[in-house]
Every structure is written in structure tokens, then in C-alpha cells.
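Trainee: Listed below, chain by chain, are the residues.
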Amino acid sequence: AQTVTQSQPEMSVQEAETVTLSCTYDTSESDYYLFWYKQPPSRQMILVIRQEAYKQQNATENRFSVNFQKAAKSFSLKISDSQLGDAAMYFCAYRSVRNTPLVFGKGTRLSVIA
Amino acid sequence: DSGVTQTPKHLITATGQRVTLRCSPRSGDLSVYWYQQSLDQGLQFLIQYYNGEERAKGNILERFSAQQFPDLHSELNLSSLELGDSALYFCASSVDETSSKGQYFGPGTRLTVT
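The listed protein sequences derive, respectively, from chains A and B. Sequential numbering from 1 applies to the first sequence in this note's numbering. Sequential numbering from 1001 applies to the second sequence in this note's numbering.
Don't read these hints as lab results, they were simulated from the structure. Incorrect hints may appear among the rest.
What the hints assert, rightly or not - Straight-line Cα separation of at most 25 Å, DSS-like style, residue types lysine-lysine; simulated pairs: (1) A/73 with B/1101; (2) B/1101 with B/1057; (3) A/70 with A/106; (4) A/70 with A/55; (5) A/78 with A/106; (6) A/70 with B/1101; (7) A/106 with B/1009; (8) A/55 with A/78; (9) B/1009 with A/78; (10) B/1009 with A/73; (11) A/55 with B/1009; (12) A/55 with A/73; (13) A/106 with A/73; (14) A/78 with B/1057.
Unchecked claim - A few chain A residues facing chain B, derived, Cβ under 7 Å: (15) 9; (16) 33; (17) 35; (18) 43; (19) 45; (20) 47; (21) 50; (22) 52; (23) 54; (24) 55; (25) 100.
Since the model is a prediction, treat every value here as computed from it, not as a measurement. Ideal Cβ placement from N, Cα and C applies to all residues, glycine included.
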């Protein structure tokens, strides 16, 4: 079974600075999808960014980008120019191409300091 | 707004009771997923439906059941409720089973069992 590990339960960043959240996963599959979800205090789960494993190019969405290292099974999220609204729980998730449920990590709580 | 709606937002009930949570997927999405988020277990997949058919089951208790109706809305039924069933229940939808675009989550139903 696939597992997702987020080794940083909590992190903090100064406003306007850059922060990187770590995620590693374990799988024997070669094709899969990876996601980062944001859960602000409202508890809504918001899709931030996604990456297809067959793509070598790292995904980017505005201030959010990923560093996808397939061989190392690593999928980190970089947030640039951090804003107060970025404060939230961030979940890394894996999905097999064949099986559709998401497998989530335990999450990283990000605080943004003004 | 993800386009996925869930009702009710909050539910408080007593042990031994039965409740029904409702979900309407985004327009055009055929696949519906149910997830449970509790403090000690994190986000866990419960069950998936695709166009009215059950497709995958996760760690769903026998006391729980779900269905997807012809109009594609879904209901999650929880019976013989226990204190440990208190959690945030999310519904998510995706256009189909193999989409790489991710799953879009509703705002969740917070269930409190007293």
C-alpha cells in the first residue's frame, strides 16, 4: 500500500519570505499523481497544485511550485512571497493512476509571521 | 468555492442514533468520494462511487453505508453512532475515475456525537 509522509508537523515563515514543505511517499508504481492541498481555518480543502509522475517538469501555480524528485520519491512544495493568507494546514496526497482514492500525509501546519 | 456542496454543515446527535450526510458533486463530475477527517486518524478514504456504482471501499465501518443516486448526488448514512464517529466528513468529486486533475472537496459536515 502506498504511504505518504510529511516529516514537519509545524513550520513558520516570515511574511514575504519563501518556505518549503517536505513530502515523501512510498510506492512501487511508476505512474501516479501527486497533489498538495491547503486546509485553512475554515477547514475547506483547497487543491493547490498537482503533478503527474510521467512529467519531468515541475508544476508551478503562481507563488506555489513543487520540486518533484521521482527517484527519491520526494515531492516538496515551495511557497514564495508568503502571505498571511497562506497560513493553513498543508496536506500532501498521492493517487495511483489505477486506483482513485487519495492517500494523504498527516499534514504540516504553516504559520506566517507578519 | 469548489462547486461541491454538502449538507448539513454541522450535526450534533446522540450515541446510537442514525444520520444522513448529503453531497452534490460539481456539475459534470461523475465520481464522488467520501473522506473522514478526525484528529487522531487524519484524512481517511471511506468509499467511492462512479456514475451510481460503488467503485472502491476504504476503511469504512459496517455501520456506515453510502449510495449515489441517478442525479449523481450522494448520501452517506452513519448508524449506531459512537463517540468516536465524531469527525469532519468530506465529500469530493472528480470528472471521472482516471482524471489527473485532482478531486475537489466540499466544505465538509462536522459531526459531533454526544
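Trainee: Now, for every hint given, state plainly whether the structure supports it.
Mentor: Hints and how they fare:
Between residue 73 of chain A and residue 1101 of chain B the alpha-carbon distance is near 20 Å, which keeps this suggested pair within the 25 Å criterion. Taken as a hint, the residue 1101 of chain B and residue 1057 of chain B pair is honoured in the structure, with Cα atoms around 21 Å apart against an allowance of 25 Å. Of the supplied pair hints, the one linking residue 70 of chain A and residue 106 of chain A holds, its CA atoms being roughly 21 Å apart against a limit of 25 Å. A C-alpha spacing of about 10 Å is found between residue 70 of chain A and residue 55 of chain A, which places the hinted pair at or below 25 Å, so the restraint holds.
The suggested pairing of residue 78 of chain A with residue 106 of chain A holds, with an alpha-carbon distance near 18 Å, which does not exceed 25 Å. Proposed proximity of residue 70 of chain A and residue 1101 of chain B is supported: the alpha carbons are some 19 Å apart, at most 25 Å. The straight-line distance between the Cα atoms of residue 106 of chain A and residue 1009 of chain B is roughly 24 Å, inside the 25 Å bound, and the hint therefore holds. Our distance criterion of 25 Å between C-alpha atoms is met by residue 55 of chain A and residue 78 of chain A, whose separation comes to about 18 Å.
For the hint linking residue 1009 of chain B to residue 78 of chain A, the alpha-carbon distance of about 32 Å lies beyond 25 Å, and the restraint is violated. Proposed proximity of residue 1009 of chain B and residue 73 of chain A is contradicted: the alpha carbons are some 37 Å apart, above 25 Å. Using a Cα cut-off of 25 Å, the hinted pair residue 55 of chain A and residue 1009 of chain B is violated, with the two alpha carbons roughly 38 Å apart. With a C-alpha separation of about 14 Å, the suggested pair residue 55 of chain A and residue 73 of chain A falls inside the 25 Å cut-off, and the hint holds.
Restraint check: the Cα-Cα separation between residue 106 of chain A and residue 73 of chain A comes to about 17 Å, which is no more than 25 Å; the hinted pair holds. Restraint check for residue 78 of chain A and residue 1057 of chain B: not satisfied, since their Cα atoms lie roughly 33 Å apart, outside the 25 Å limit. Interface hint at residue 9 of chain A: violated, since its Cβ lies 12 Å from the closest Cβ of chain B, which is beyond the 7 Å cut-off. Restraint check, residue 33 of chain A versus chain B: the minimum CB separation of about 5 Å is within 7 Å; hint holds.
The interface hint given for residue 35 of chain A is met, as the beta carbon of that residue sits about 5 Å from the closest beta carbon of chain B, less than 7 Å. The closest approach between the C-beta of residue 43 of chain A and any C-beta of chain B is roughly 6 Å, which is under the 7 Å cut-off, so the hint is satisfied. With a least beta-carbon distance of about 4 Å to chain B, the hint placing residue 45 of chain A at the interface is held under the 7 Å criterion. Hint status for residue 47 of chain A relative to chain B: holds, with the closest Cβ pair at about 5 Å, below 7 Å.
For residue 50 of chain A, the shortest C-beta to C-beta distance to chain B is roughly 5 Å, which falls under 7 Å, so the interface hint holds. For residue 52 of chain A, the shortest C-beta to C-beta distance to chain B is roughly 5 Å, which falls under 7 Å, so the interface hint holds. For residue 54 of chain A, the interface hint is violated, the least distance from its beta-carbon to any beta-carbon of chain B being 10 Å, above 7 Å. Given the 7 Å rule on beta carbons, the hint for residue 55 of chain A is violated: about 10 Å separates it from the nearest Cβ of chain B.
A least Cβ separation of about 5 Å between residue 100 of chain A and chain B falls short of the 7 Å threshold, and the interface hint therefore holds.
Hints 9, 10, 11, 14, 15, 23 and 24 from the list above are not met by this structure, while the remaining hints are.
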